[in-house]
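**Student:** Chains as they are written, first to last, in the numbering used here: chain A, 1 to 114; chain B, 1001 to 1116.
Be aware that one or more of the hints could be misleading.
What the hints assert, rightly or not - DSS-like mimics (lysine-lysine), calculated; alpha carbons at most 25 Å apart, straight line:
#1 Lys1083/B to Lys106/A
#2 Lys1057/B to Lys1078/B
#3 Lys1083/B to Lys58/A
#4 Lys106/A to Lys1042/B
#5 Lys42/A to Lys69/A
#6 Lys42/A to Lys58/A
#7 Lys1057/B to Lys49/A
#8 Lys42/A to Lys1042/B
#9 Lys49/A to Lys1042/B
#10 Lys1042/B to Lys1083/B
#11 Lys1057/B to Lys1042/B
#12 Lys42/A to Lys68/A
#13 Lys106/A to Lys42/A
#14 Lys1083/B to Lys1057/B
#15 Lys58/A to Lys69/A
#16 Lys58/A to Lys106/A
#17 Lys106/A to Lys49/A
#18 Lys1042/B to Lys68/A
#19 Lys68/A to Lys49/A
#20 Lys1042/B to Lys1078/B
#21 Lys42/A to Lys1078/B
#22 Lys49/A to Lys69/A
#23 Lys58/A to Lys68/A
Hints in this document: simulated from the structure, not taken from any laboratory.
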Amino acid sequence: AQSVTQLDSHVSVSEGTPVLLRCNYSSSYSPSLFWYVQHPNKGLQLLLKYTSAATLVKGINGFEAEFKKSETSFHLTKPSAHMSDAAEYFCVVSVGQAGTALIFGKGTTLSVSS
Amino acid sequence: EPEVTQTPSHQVTQMGQEVILRCVPISNHLYFYWYRQILGQKVEFLVSFYNNEISEKSEIFDDQFSVERPDGSNFTLKIRSTKLEDSAMYFCASSEADSGGLYEQYFGPGTRLTVT
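So that you can see chain A by itself, here it is in the shape it has in the complex (with noise of 0.2 Å):
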């Protein structure tokens, strides 16, 4: 069985300060990961995955997630928050086969003041 726990609910930065969002998961099969950001509205974007290669893992707009087997956990970060980060982020697992269900967390929401 797959599952997904993002720490936190709810995240709040100021603009140009770094981002972190955690994640934990847990998996019977060696897992694919993923970090999907929603905008308000917006449908769901891919942002980065882990297919078993590097686990330092770049995305798009500046982000990056660290597989770490050892404390499984895939926690996304970002050096530098915009304004335009503000979203829900979720943390999926997978298998990694086509035609597999994506198991998706509880979503973060990120807050960025300026």
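With the hints as your guide, set chain B onto chain A.
**Tutor:** What follows is chain B alone, placed relative to chain A:
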């Protein structure tokens, strides 16, 4: 850039009515999916579809739900007799066939279904 499209963006229906939500997946993709997100809750998998068959489905996807690929471009989700608890945002997604272990689902903007 190719994208998944969904229509309508918002559907209001009365309890007990049938609704059909429509999706146009990315043209060279072979796997199609439906997810839903009840307001304030997490995104939940409903069903995946490949080669005109259901590939995987969740417990949510009961006999009230069905999916169809009626032609070469559309992918539909039908709810036979809607309940209040079916009110949610429904997302369609598509992905390429599995190649080299890479696997990415592309999501549409969603259809907000409101059952009154």
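**Student:** None of the hints should be skipped; say for each whether it holds.
**Tutor:** Quick rundown of the hints versus the structure:
1. Lys1083/B to Lys106/A: 24 Å, holds
2. Lys1057/B to Lys1078/B: Measuring from Cα to Cα gives roughly 14 Å; hence the hint holds.
3. Lys1083/B to Lys58/A: With Cα atoms ~42 Å apart, Lys1083/B and Lys58/A exceed 25 Å; violated.
4. Lys106/A to Lys1042/B: The given pair, whose Cα atoms are some 5 Å apart, holds under the 25 Å limit.
5. Lys42/A to Lys69/A: 32 Å, violated
6. Lys42/A to Lys58/A: 23 Å, holds
7. Lys1057/B to Lys49/A: 23 Å, holds
8. Lys42/A to Lys1042/B: OK: Lys42/A and Lys1042/B at ~16 Å, within 25 Å.
9. Lys49/A to Lys1042/B: Holds: Lys49/A and Lys1042/B sit about 19 Å apart, inside 25 Å.
10. Lys1042/B to Lys1083/B: 19 Å, holds
11. Lys1057/B to Lys1042/B: Satisfied, since the Cα-Cα distance of roughly 17 Å is no more than 25 Å.
12. Lys42/A to Lys68/A: 30 Å, violated
13. Lys106/A to Lys42/A: 17 Å, holds
14. Lys1083/B to Lys1057/B: Holds, at about 20 Å.
15. Lys58/A to Lys69/A: Given pair Lys58/A, Lys69/A holds - Cα atoms ~17 Å apart, limit 25 Å.
16. Lys58/A to Lys106/A: Holds: Lys58/A and Lys106/A sit about 23 Å apart, inside 25 Å.
17. Lys106/A to Lys49/A: 18 Å, holds
18. Lys1042/B to Lys68/A: The given pair, whose Cα atoms are some 24 Å apart, holds under the 25 Å limit.
19. Lys68/A to Lys49/A: 14 Å, holds
20. Lys1042/B to Lys1078/B: Between Lys1042/B and Lys1078/B the Cα gap is close to 21 Å, so the pair holds against 25 Å.
21. Lys42/A to Lys1078/B: Given that 25 Å is the threshold and the Cα spacing comes to 23 Å, the pair holds.
22. Lys49/A to Lys69/A: The given pair, whose Cα atoms are some 15 Å apart, holds under the 25 Å limit.
23. Lys58/A to Lys68/A: 15 Å, holds
The structure fails hints 3, 5, 12 (numbered hints given earlier, in ascending order).
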